[in-house]
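Chain by chain, the residues:
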Amino acid sequence: MNGGKQQRLYRILNPKDGRAVCVAADHGWMSDFTPNVAELRRIVGQVVEGGADAILLSLGQAMRLGDLLKGRTAPALLIRADWMNMPRLGGSNVANAIPQQELRHLAIASAQDALNLGASAITIYLFLGFDDETEALNLEDCALFAQECRRIGLVCIIEPLAVGASVTGANIVDILITGARMAVEVGADMLKIPFTGDVETFRRLVQTAGVPVLALGGARSERASDALELVAEALEAGGAGTVFGRNVTKAPDPAKMVRDLVALVHEGKRVEDVRPVQRPRIIQLKGLTDLCTGCLLCEVNCSLSHDYGGNPLYSTVKIYTPQPDRAIKRKWLYTPRHCTLCNVCVEKCPEGALYIANGMVNLVEEKCNACQECVKECPLGVIAFKDEHPIFCDLCDGDPACARTCPEYAIFMVERENGHGAG
Amino acid sequence: MSTTIGKTLRLAEFWQKGQTSLLVDATLPGALGPMPGLEVPAELVERLASFADGLIVNPGLAERYADRFSGKLGAAPLIRLDWTNVVRPEDFVLPPRDPRRVALATPTDAIQIGAVAGVVTLLLGYNEDFEARNIQSVALACREAVRVSLPLLADVVLAGPKIEPAKRDAAIELGVSFMTEAGTDGIILPLPGPEALRLLLDYAPVPLFLRVDTQPELAAQSEALRAALAEGGAGLVIGSHALAQADTTLTQARALTQKVAIP
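These protein sequences, in sequence, are chains C and R.
Heads up: the first sequence is residues -19 to 403, going by the numbering used here.
Heads up: the second sequence is residues 18 to 280, going by the numbering used here.
The hints are simulated quantities; they were obtained by calculation from the structure and are not laboratory data.
No false leads were mixed into what you were given.
Lysine-lysine pairs mimicking BS3-like chemistry, simulated, CA-CA at most 25 Å apart:
id	chain 1	residue 1	chain 2	residue 2
1	C	Lys236	R	Lys89
2	R	Lys276	C	Lys50
3	C	Lys266	C	Lys356
4	C	Lys(-4)	R	Lys89
5	C	Lys50	R	Lys34
6	C	Lys(-4)	C	Lys50
7	C	Lys249	R	Lys89
8	R	Lys89	C	Lys50
9	C	Lys249	C	Lys236
10	C	Lys366	C	Lys328
11	C	Lys249	C	Lys(-4)
Predicted model only: the values in this text are computed from it and were never measured.
Build out the structure end to end from the sequences listed, making use of the hints.
As structure tokens, then:
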């Protein structure tokens, strides 16, 4: 490895343990204008405060926010050298202001541009699972970037993603492992890649790669501890650390999230050390017809809080509106409906993919075949469906958005008194 | 595209406003061969990088021993872009007949090797041709450094026969002025007298680093150096001759830059 690459690699990876905690904050470049995009300066400041090893920014944001990265121990700057519309394609989990149907992916900066800005590396995508031409052109782009990086001494990070129509639950791991190897063969110095879901397959991927592999976090996990578990498993499999985006930038306290990641990646701490397990308080929702005005804020906020763009279709609380009750002078009655743990969906699921624990219905994703039987059978109509998965009320980590935002207190939470759902 | 942020970030790896840095110059073996304390290249990089904020090395060592800088845990790599024979004493095995200064690398090379800054030498006190070529070479390096966002430090050295002890401070002032006008991003200079130093600190828009070449010089000038750093000096540059007893020298120098008592 040439001197420039080596120096810059050690700006990213801690030379003592060969690991890194990186934060991706380039979402405003490719997906909707969400709060984590609007408040990027504050968030990047907190990422620096948390002690991240590197931060991924677009070229434009690097010019504006670069002053936050001053100092030998500050996070190394990684530059996103390409652009794509994948988060805005129909099947994505990200809120979608202007949906797109076909993947577009373009190089938008040279590695030299990134080097001029003081970057230690560039990051580029390698999309797999689309058509042959897309794959070939993308790989060609990766090769050109890798060549330029080699010439100028910049670290080249390639991010293989398995997202096209050819990708299924059955082949995604093999596609990711193939992508990892393709990226290395073409000249990647490091990989940013989704976790394959278990230690064994990720270990296979890491061994195949032969370069440092950073697991990415993907969409924000509902519980921080879930995201941290992913990192712990990636490390156990031999991963070199993580590149977390929304799990940090959308966290209530980004600095704390980074500190937790640093503790896991560099200090050998366990997830339970940084996020002690608290015995969950089992709660349930209650709705009062008398108070509900039918404003639908609960539905909108439920959808918003889960990154579904405020579309009530994807809400798991529903306002039931029957015909007006003539006996009370045509006044409309609205009833907030929510999961009551009636168990019908669990019983009707032909795959046995559902169970009740912690006061909610839980889904075993591997077993779900997207038959939508649960959606059809739910007597209250509160199971939504998106991206080939049913959506159940998850009580928003103990602070339900519907109850929190209802202006009339028509929907609220109480402690569950019976043992149902204690799991 | 604005590339100012690239220079800003790289400079900040070894110096920021309000900070006093310790830089170590380990480049003299490039002209003098193995020197006491600097005999084994790999060791010298690893050992010195753990002491300083920035380590100035020649391009070959920077390339070969990049891993020994230890990333964020060690000193930032600065690369000397030129070579001169004027540092050789008369009793050296190859004594210098004529002063020579040649470029060893460009700012582009330095960036590719992973440097956060380049160091160029301005040798004052020699004949007109020598001085003019030296200044032209520095100016061209400055232009290239802007293009690749590399901070460039000028090392002002008073060495030629035209330097008169009585006009030493005036010569330092001239060198700082030339290098400011040329467009360098920082200047390394010998410690001038208090009045000249005050004048230069007021004048120079770039950080001024004070060079100490030997251990006895450091000991003799410690109070003056402490005062100079307190007045706004950006830091110390410890020369290769002072590295024979590197641990002692650098501990003392570190105490000065950290503004604590010398142990």
